[in-house]
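A.B. asks: Those protein sequence lines, which keep their order, are chains A and B.
Each residue of the first sequence is one higher than the one before, counting from 1 in full-length UniProt numbering.
Each residue of the second sequence is one higher than the one before, counting from 1 in full-length UniProt numbering.
No wet-lab data here; the hints were simulated from the structure.
Careful, some of the hints might be misleading.
Said to hold, decoys possible - Some, not all, of what chain A presents toward chain B, calculated at C-beta under 7 Å:
1. Gly116
2. His120
3. Val131
4. Glu171
5. Asn174
6. Leu270
Heads up, the beta-carbon is just placed ideally off N, CA and C, and yes, glycines get one too.
Letter by letter, the chains look like this.
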Amino acid sequence: MINNAGPSNSAAVLDEGVGPPSLSRLSDADLSSMLLIRHFEKNLLKLFEQGFLHGTTHTCLGQEYVPVTVTSLLGDADHVFSNHRGHGHYLARYADAEGLLAELLGRAGAVCGGVGGSQHLLRERFLSTGVQGQSLPVAAGVAWNLKRSTPGALACVYTGDGTWGEGVVYEALNITALWELPLLVVTENNGIAQSTPTGQHMAGDVRGRAAAFGIAYERFTDTDVTRLRAALQPLVEQVRHMSRPLVVEFVTHRLGPHSKGDDSRSPAELRAVRAADWALRYAAAHPEQFERIDAEQSRRVEQVVAEVLARPLTDWSPR
Amino acid sequence: MTAPRVANDLNTALHRLFAEDERVILLGEDVCDPYGGAFKVTRGLSTRYPHRVRNTPISEGALVGVAGGLALAGDTAIAEVMFADFVTLAFDQLVNFASKSTAMYGRHLPLRLVVRCPTGGNRGYGPTHSQTPQKHLIGVPGLALYEASPLHDNHTLLTRILDGGVPAVLFEGKVLYGERMFTGGVIDDLYGYDLADGVARIRLHDPVPPDCVLITSGAMVHRTVEALRELLLHDEIVAEVLVVSRLYPVERAPLLSLTGPARRVAVIEESTAGGTWGAEVATALHPHLWGTLASPIRLIHSLDSIIPAAAHLERQVLVQSGTIRHAVKELVHG
Ligand SMILES: Cc1ncc(C[n+]2csc(CCOP(=O)(O)OP(=O)(O)O)c2C)c(N)n1
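Turn these sequences into a full structure, and let the hints steer you where they fit.
C.D. replies: In structure tokens:
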């Protein structure tokens, strides 16, 4: 299993004995999904600079492989609860760059009519909200419904590391463990919450917090979708079939600012973060495939941007 | 046949809802048998429907959040917050999740969700267990507020709330639980009541045009009726009472049609003053009654104070029948 430092990690092939393990070759579909998210987010930052987007947005640059891994283990009956940094979660599930961009720009074809915007999406069994921690009890309620109505289905909720500061997270974990609910908590620990490093906001760690409730926990530092998926798959099966919660912590990196132009990290920190970018390492390991798909997705998103910008504004009125 | 006590009527209403709709789920602290809830309103439900009733940990934020999740997934969710004071711990779930979800995704999303809150004072529970916190939840788009009363059938009320598809908080005056429901249109030897459009009107068996119309909600009904009798018998003032069950949004039309000819109107609430339900009612009615009112709509509140525990101190602070009688005399006689 590719988790925390331990004997299992020795199985991974290391690049010249240093640095993270090399990245295996992915299917075109997986890589396309990751690069769709990458280009979508990059274009958003550009659209902000150009003044087309207003309000706020939180890009998941650097974290794309997390939702691509997780989503591949989910089915249509599973509910997903996303958060403020949720574009990747949505795109990994629906590949609907048009609908999402239209939502952000308030244009026709928007997923939620432009009412929800970046942080408030609802489509089928995918829902995001912008209040940290709020979704955990809601997801627990949905998981309780699923346990009764659709055994084998689960509720998956994404959080950042900072979200673990909210009290309601613990109320929900307690209930989820007590009631044996099929809840998968995916924590994307990117080492920072807005401007506050994890070490300044979290005493102890996520592992210990899960352990306090007797909740199964796994930590991944790898960024290789193939290995992550293989390691996560049996754990997710246990959530489904033993109806019990699981906390998965992905140690990851936020390449971009918290929202836009608000990165408080030092140049040295930013260099380290960029060096850990899965895309750089993937491009080095599989240059031909990367360049091909990168160009494809870059073109695709550029077309989406042009096409959506040409659409009329959405129409909505309060009831 | 004697009428049931309000707590029993609520209990019967819940049993009927469970029997009628198998998607009804109820959760809260200590709601299961044999305890059956701090005020016994949920008695018997967990025995009859063990898989649909759950005791929760002492986690108001999460239990209301779980109820929101159940409603989102298509269940009918009934949550109990043991004392209304603690609904503040679920503020985020009500104000930022359940209510907003009905609209913030660009389309109407109905949620069958009601949060029941035993509410109010006059029972000696002291400052943190006696409050009337309705005002903190007033004016939230997508959140409806109701109050139980001894005049409104609770099954009808709960059905109305849930079928509305708008997340709601139901305040239940704790002073009512041990009182009997009024039935058959009779309050006492002098007064009767009728119901129209969700509003109960209490007036003399042989109605005469009133000097004053008092608007109130369930928890204040007994104190108001006591004041009504004193005003009639000792002060020769005739008043009628309108008891609403939906607090917010304010239902202006039935109130207007029932207050129409009145020249003096007062709103009675147990809350302290400041951003209250009573103020909302006055705001809704005043522009329409402006031409006929003899004086501004009067708001009758408790004192601007915490609620003391000792009975004699608590009575000093909270609206009592004497407070109402005094205020109405002032209103009528100037
Ligand atoms: C209850 C609440 N408090 C504060 C915020 C403002 N806020 C938005 S994102 C964020 C940081 C979240 O950090 P983390 O959970 O680590 O996720 P990340 O942004 O790193 O993905 C904050 C403080 C919020 N959205 N909700």
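A.B. asks: Does the nearest C-beta of chain B fall within a distance shorter than 7 Å of the C-beta of Glu171/A?
C.D. replies: holds (3 Å)
A.B. asks: Holds or violated: the hint that Leu270/A contacts chain B, with Cβ atoms closer than 7 Å.
C.D. replies: violated (33 Å)
A.B. asks: Double-check Val131/A for me: the hint is only fine if its C-beta lies closer than 7 Å to a C-beta in chain B.
C.D. replies: holds (5 Å)
A.B. asks: Answer holds if the nearest beta-carbon of chain B is closer than 7 Å to that of Asn174/A; otherwise answer violated.
C.D. replies: holds (6 Å)
A.B. asks: The hint names His120/A as touching chain B; please verify it with the least Cβ-Cβ distance against 7 Å.
C.D. replies: It holds, given that the least Cβ distance between His120/A and chain B is near 5 Å, below 7 Å.
A.B. asks: Holds or violated: is the Cβ of Gly116/A closer than 7 Å to a Cβ in chain B?
C.D. replies: Gly116/A check passes; min Cβ-Cβ to chain B is 5 Å, inside 7 Å.
In summary, the structure is inconsistent with hint 6 from the numbered list given earlier, while agreeing with all the others.
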